Structure formats: C-alpha cells, structure tokens
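Protein chains: 2
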Amino acid sequence: MSLLVVGSVAFDAIKTPYGKTDKILGGAATHFSLSASFFTQVRVVAVVGEDFTEKEEAVFRQRHIDTGGIVHEKGKSFFWSGEYGENVNEAKTLDTQLGVFGSFNPQIPEKFKDSHYVFLANVDPVLQVRVRQQMPHAKFVGGDTMNYWITGHRENLKEMLKQVDALLINDGEARMLAGDPSLARAAHKILEMGPQALVIKHGEYGATVFFKDGAFGIGRHPFRAPTLPIEAVIDPTGAGDSFAGGFMGYIASQEKLTRDVFKRAMFYGGVMGSFAVEAFGTERLQKLTREEIDERYKTFRELTHLE
Amino acid sequence: MSLLVVGSVAFDAIKTPYGKTDKILGGAATHFSLSASFFTQVRVVAVVGEDFTEKEEAVFRQRHIDTGGIVHEKGKSFFWSGEYGENVNEAKTLDTQLGVFGSFNPQIPEKFKDSHYVFLANVDPVLQVRVRQQMPHAKFVGGDTMNYWITGHRENLKEMLKQVDALLINDGEARMLAGDPSLARAAHKILEMGPQALVIKHGEYGATVFFKDGAFGIGRHPFRAPTLPIEAVIDPTGAGDSFAGGFMGYIASQEKLTRDVFKRAMFYGGVMGSFAVEAFGTERLQKLTREEIDERYKTFRELTHLE
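For the record, the sequence lines run as chains R and L.
For the first sequence, our numbering gives the first residue as 1, with consecutive numbering after it.
For the second sequence, our numbering gives the first residue as 308, with consecutive numbering after it.
Don't read these hints as lab results, they were simulated from the structure.
Being a predicted model, the structure only gives us computed values, none of them experimental.
Here a beta-carbon is modelled for each residue, glycine too, at the ideal position from N, C-alpha and C.
Treat the hints with care, as some may be off.
As the list claims (entries may be wrong) - Taking lysine to aspartate or glutamate pairs in the EDC-like style, the calculated list, with each CA pair at most 16 Å apart, reads:
1. L/Lys-327 / L/Asp-402
2. R/Lys-55 / R/Glu-283
3. R/Lys-189 / R/Asp-213
4. R/Lys-263 / L/Glu-609
5. R/Lys-113 / R/Glu-73
6. R/Lys-76 / R/Glu-54
7. L/Lys-383 / L/Glu-397
8. L/Lys-570 / R/Glu-302
9. R/Lys-76 / R/Asp-95
10. R/Lys-263 / L/Glu-614
11. L/Lys-381 / L/Glu-357
12. L/Lys-446 / L/Glu-562
13. R/Lys-189 / L/Glu-538
14. L/Lys-469 / L/Glu-499
15. L/Lys-330 / L/Glu-357
16. L/Lys-496 / L/Asp-478
17. R/Lys-15 / R/Asp-66
18. R/Lys-15 / R/Glu-83
19. L/Lys-605 / R/Glu-307
20. R/Lys-139 / R/Asp-165
21. L/Lys-496 / R/Glu-231
22. R/Lys-23 / R/Glu-83
23. R/Lys-298 / L/Glu-614
24. L/Lys-570 / R/Glu-54
As the list claims (entries may be wrong) - Just so you have them, the derived chain L footprint on chain R, three or more residues with Cβ under 8 Å:
25. 173-184
26. 198-206
27. 224-231
28. 254-267
Throw the hints in and build the complete structure from the sequences for me.
The following block contains the structure:
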C-alpha cells in the first residue's frame with residue numbers, strides 16, 4: 001500500500017573520521033523514502049530550491065518513488081553541514097541554512113490523499129499536525145521529532161503525539177521528552193501522551209518497541225531488535241530515517257498489523273539503518289538490492305535467535 | 308561441574324537515587340558466586356578480615372557455595388563506598404579501603420584444583436595469571452578486568468589475556484583496551500590478544516559475544532542477548548559480576564560447549580544481571596528462585612524472538 005512521507009529533502013556536507021563530502025543529497029524524507037522504497041510504493045511531500053536538479057530527482061525516480069509532492073521554489077534547498085567525531089551518536093552542526101524549507105507549509109496533492117500509511121518526518125509539530133489532518137484515510141501514522149521541538153515547542157509537540165500511532169525517536173530524545181533517565185519509565189510516560197507504540201532507537205545497540213496496553217490488539221510486551229556490530233560507521237547521517245523507512249515500509253507492505261509484522265518491521269528497520277551508515281549520504285541505499293536486505297535480515301535474526 | 312571463582316569478597320556502602328545502605332556484603336566474587344550457584348557447584352577463593360562473620364558466611368552456605376577457599380586474616384575486609392547518579396553506568400567512588408585484600412595472594416586449596424571451570428574476577432592480572440597456573444585441569448576459563456589494569460598494568464594484563472578462554476568486560480573497557488572507539492573493531496583487536504571469546508556487556512542494552520575464527524569449533528558469528536527494559540535500577544553494583552555468574556554457571560552445568568550452550572549462557576547472564584539490580588547489594592540474589600530465573604529467561608527470549 002502507498003506510504004506518504006512529509007519532511008526535508010535537502011543537501012548535506014558531512015565530515016566523519018572516514019572522510020568528507022561536498023554538498024550531497026540528504027534530508028530525512030530522502031533517506032526515509034529511499035529506504036522504504038524497497039518495501040512499498042512511496043510518495044514524498046517536500047520543498048526544494050533551484051539547486052535541486054534533475055540529477056537529484058533521478059535518485060528518487062530510480063527507486064520508483066513518486067516525487068509529485070516535491071514543490072520547487074525560488075531559492076536554495078535546506079542545507080546542513082556537520083561533523084562526527086569518534087562518537088557516531090553525536091553530530092556537531094557546523095552550518096544550517098533553512099533556505100526555502102524555512103517557509104515549508106506542506107500541501108498534500110489530491111492524488112496522495114488516499115495514502116493509508118503516513119510518516120511525519122522531523123519538522124515543526126504544527127506542520128505535522130496539519131499534514132495529519134489532510135490524511136483522513138490514514139490507517140497507520142508514524143512520526144519523528146527532535147530535541148529542538150521537545151525543549152522549545154512542547155505544547156505543539158503534545159498535540160502531534162496525540163495524532164500518531166507510532167513515535168520513533170532515539171534514547172536521548174525519549175529521556176528528554178519524558179523527563180526521566182530510565183528508558184523503561186520514559187517509554188510508559190510517552191505512551192501516556194498519545195502514541196500506541198513507541199520505537200526507541202538505541203544506535204548501535206538496536207531498537208526497542210514499547211506498546212500501550214492493548215495497542216493494535218497485539219499485547220503490551222516490548223520487543224527488541226538488534227543491529228549488526230559494524231566495524232566502520234562511515235557516515236551515521238540518515239541512519240534513524242533509514243530505520244524508520246524500513247520499519248514503515250515493511251508495515252505498509254503487509255495486509256494486517258499483527259505482532260509478527262511489527263517484530264519483522266523492527267528487524268527491517270535495523271537492517272536498513274545498518275546499510276545506511278556504510279557509505280556517505282544516500283550512496284549505499286542507492287546501490288542496495290532486495291537480496292542484500294533479505295540476506296542481512298537473516299544475519300540479524302541469527303544474531304539473537306535462540307531455539 | 309565445579310566452578311571456581313577467585314576475586315573480592317568485600318563490603319560496600321552504596322548510595323543510589325533509590326536510597327542508601329550501610330556496610331553490606333559485596334565484592335565481585337560474592338555476586339558472581341551467588342549468581343552462578345543457581346546453575347552449578349561453586350567454590351570461592353578470597354580473603355576477608357575480621358568484619359566478615361558467620362552472618363556473611365551464611366549467605367554463601369545458604370546457596371551451597373563452598374567457602375573452603377575464603378582465608379580469614381587479621382584486619383578489615385576490602386571496603387568500597389560509591390554513589391550512582393541517574394546514569395547507572397557510572398559510579399562515583401567515595402571511599403576505597405583495601406584492608407586485607409591489599410596483600411591478597413590467592414592459594415588454591417588442593418581440593419579445589421580439580422575444578423574444570425574457573426572465573427578470574429577483577430583482581431591484579433599478575434594474580435589472575437598465578438591462579439590460572441594453579442589450575443591445570445581447567446577446561447574453560449573466564450576473566451574480567453577493569454580500567455585501572457588496562458591503563459596502568461597493560462603488560463601484565465596482556466599475559467592474562469593469553470590465559471583466558473573468554474574475557475568479559477563492558478563497552479568502555481573494550482574500547483579502552485583496544486584503543487578503538489568502534490566496538491566491532493575493538494572486539495577483533497582484543498581477540499587477537501588471546502581470548503577465544505569476548506563478551507562485551509552493554510549495560511541496559513544487553514551483551515554481545517564475539518568469537519575468534521573457529522573458536523571452540525562453533526563458528527565466528529557474534530551473538531547478542533538482550534536485557535529487559537527495567538523501570539527502576541535500584542542498585543547497579545554487581546550487575547556485571549552477576550552476568551558473569553549466570554554465564555559461567557550455565558556453561559559449567561552443561562556437558563559440551565556448543566554454540567547453543569554459548570547462546571543460552573549469554574541469555575542467562577542477562578537474566579541474572581537484570582535480577583541483581585532490583586535490590587541493594589546481594590539482596591535480590593539471596594531471595595531468588597530457579598523458577599523465577601526460568602520465567603525471566605522465557606521473557607528475554609520472547610523479547611527478541613522472531614519466528
């Protein structure tokens with residue numbers, strides 16, 4: 001089934017211990033949709049500037065992603081420049097230029113409004129809510145957020161939390177949002193704020209999904225998916241969005257949302273995140289094949305499988 | 308089969324966000340042996356002072372642990388006082404008094420020398436090597452160490468690493484020992500230093516075992532065991548030693564060291580660590596039953612099990 005994503009399509013300049021890039025294609029919606037495209041039909045809603053050319057569009061088209069919701073405006077695309085040290089979980093922002101993204105006000109094209117699956121990538125929660133309200137047929141809505149909205153726009157974020165089925169954030173964001181250093185307690189506090197499921201991404205340690213009692217009729221016990229121990233994280237940018245793409249893409253590809261589907265979605269999320277970090281930007285996802293995904297899925301299963 | 312542990316039997320005074328204790332029974336060998344005692348016959352070699360009375364000895368005896376290797380000397384037992392903040396992975400040491408432990412020179416009683424399983428808890432690597440050499444019948448030797456020995460006694464530690472089958476350390480120690488921020492790369496570097504298997508404990512994220520190529524004839528693929536997301540870590544002291552106790556105790560209880568045994572040992576390690584933190588000191592392990600252990604083992608399996 002069709003999966004709609006709303007978020008940033010941007011350019012990044014990245015420095016890591018393994019090298020550096022000039023301005024390359026990036027943005028949450030970009031990583032998300034490339035990742036999800038291996039599982040289902042993806043539709044993107046975003047805004048870009050004049051620096052986004054046919055060359056960048058081709059990256060989406062090659063993966064059969066519907067770019068009909070990418071609005072082209074005068075000016076420059078969102079640009080982020082950052083540097084990672086040895087701790088791949090922490091980026092140091094060197095430069096941020098909002099460009100046309102600064103006045104992003106997503107309008108969902110009519111032809112996208114029948115999407116049953118929706119992902120609200122990390123943008124202003126006011127916009128996330130506005131998008132949600134334009135999608136009356138959505139069966140399952142996932143959402144992301146970040147520190148900036150948690151600390152400075154809490155009331156708007158709370159409204160957004162009531163309108164998503166699953167929130168996907170990382171350890172630090174979960175602790176900050178709940179104001180609680182215990183992840184398990186933080187999870188329960190966040191579930192009380194609205195979402196039926198909370199996926200907490202632990203970086204190189206995998207991810208855990210916590211459920212509200214009775215959520216989706218699949219019980220309340222948490223489930224944890226691993227990641228592969230990776231020798232060289234070339235570029236962690238977009239790992240979380242790639243996780244979300246694998247997770248949402250797999251769910252959108254299935255008829256029913258059972259507990260087993262949720263479990264497999266967590267594993268596919270981990271698999272896609274693990275590929276994303278193997279090269280700079282979207283390079284690895286562009287070259288990826290479904291066979292490689294299935295192969296790694298098996299490896300992940302073996303990694304934790306007890307008879 | 309009998310499992311010998313050599314290490315500290317001590318007293319701790321602990322403060323955590325959940326409360327504080329006076330001087331209570333602690334020490335690596337204490338947590339280890341209580342934990343392992345649920346799986347196999349345990350023998351302890353340690354030194355204690357006059358403050359270690361019949362009351363403390365009863366804690367071991369109640370779990371049928373052979374205390375014939377605990378030497379009583381004039382003076383005081385090793386004492387550690389520490390405080391944990393909200394980050395349960397970091398203890399702030401308030402006081403350390405070596406007492407009789409300062410001149411610990413473990414002699415293995417004759418009747419213990421037939422032990423097939425040995426655990427060298429965290430003590431001076433010179434002593435660990437000396438113990439290893441007194442155990443010619445050992446089939447499987449596990450060892451632990453800490454920052455202090457990694458930074459200040461590296462040559463001695465390297466000798467110890469050649470004499471253990473499995474090293475059990477945490478993330479920070481692995482990175483420090485290998486001088487590499489990537490856990491996967493650090494693992495390979497450490498395996499080159501000697502051990503056949505390296506168990507890296509990730510605190511609340513579980514633990515991963517890495518194998519040297521062909522180790523124990525069970526292949527080289529890593530295996531990861533989870534931990535339960537715990538709402539309240541009352542006291543993290545001894546969690547790592549309890550993990551090691553469950554891991555080594557389960558291995559010692561099995562006829563052969565297969566890959567499946569190793570996997571289950573990793574899960575039992577996680578299970579025992581998760582119990583240890585539910586109360587101060589050894590309180591939870593003292594009250595634990597085998598039924599509770601098996602119940603939680605099932606929960607852990609469910610937590611990551613993919614059909």
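Structure-based check of all given hints:
| no. | hint | result |
| --- | --- | --- |
| 1 | L/Lys-327 / L/Asp-402 | holds, 15 Å |
| 2 | R/Lys-55 / R/Glu-283 | holds, 14 Å |
| 3 | R/Lys-189 / R/Asp-213 | holds, 13 Å |
| 4 | R/Lys-263 / L/Glu-609 | holds, 11 Å |
| 5 | R/Lys-113 / R/Glu-73 | violated, 22 Å |
| 6 | R/Lys-76 / R/Glu-54 | holds, 15 Å |
| 7 | L/Lys-383 / L/Glu-397 | violated, 26 Å |
| 8 | L/Lys-570 / R/Glu-302 | holds, 11 Å |
| 9 | R/Lys-76 / R/Asp-95 | holds, 14 Å |
| 10 | R/Lys-263 / L/Glu-614 | holds, 9 Å |
| 11 | L/Lys-381 / L/Glu-357 | holds, 6 Å |
| 12 | L/Lys-446 / L/Glu-562 | holds, 11 Å |
| 13 | R/Lys-189 / L/Glu-538 | holds, 11 Å |
| 14 | L/Lys-469 / L/Glu-499 | holds, 9 Å |
| 15 | L/Lys-330 / L/Glu-357 | holds, 14 Å |
| 16 | L/Lys-496 / L/Asp-478 | holds, 14 Å |
| 17 | R/Lys-15 / R/Asp-66 | violated, 30 Å |
| 18 | R/Lys-15 / R/Glu-83 | holds, 5 Å |
| 19 | L/Lys-605 / R/Glu-307 | holds, 11 Å |
| 20 | R/Lys-139 / R/Asp-165 | holds, 9 Å |
| 21 | L/Lys-496 / R/Glu-231 | holds, 11 Å |
| 22 | R/Lys-23 / R/Glu-83 | holds, 13 Å |
| 23 | R/Lys-298 / L/Glu-614 | holds, 11 Å |
| 24 | L/Lys-570 / R/Glu-54 | violated, 51 Å |
| 25 | 173-184 | holds (count 4) |
| 26 | 198-206 | holds (count 4) |
| 27 | 224-231 | holds (count 6) |
| 28 | 254-267 | holds (count 4) |
Checked against the numbered hints listed earlier, the structure breaks hints 5, 7, 17, 24; every other hint is satisfied.
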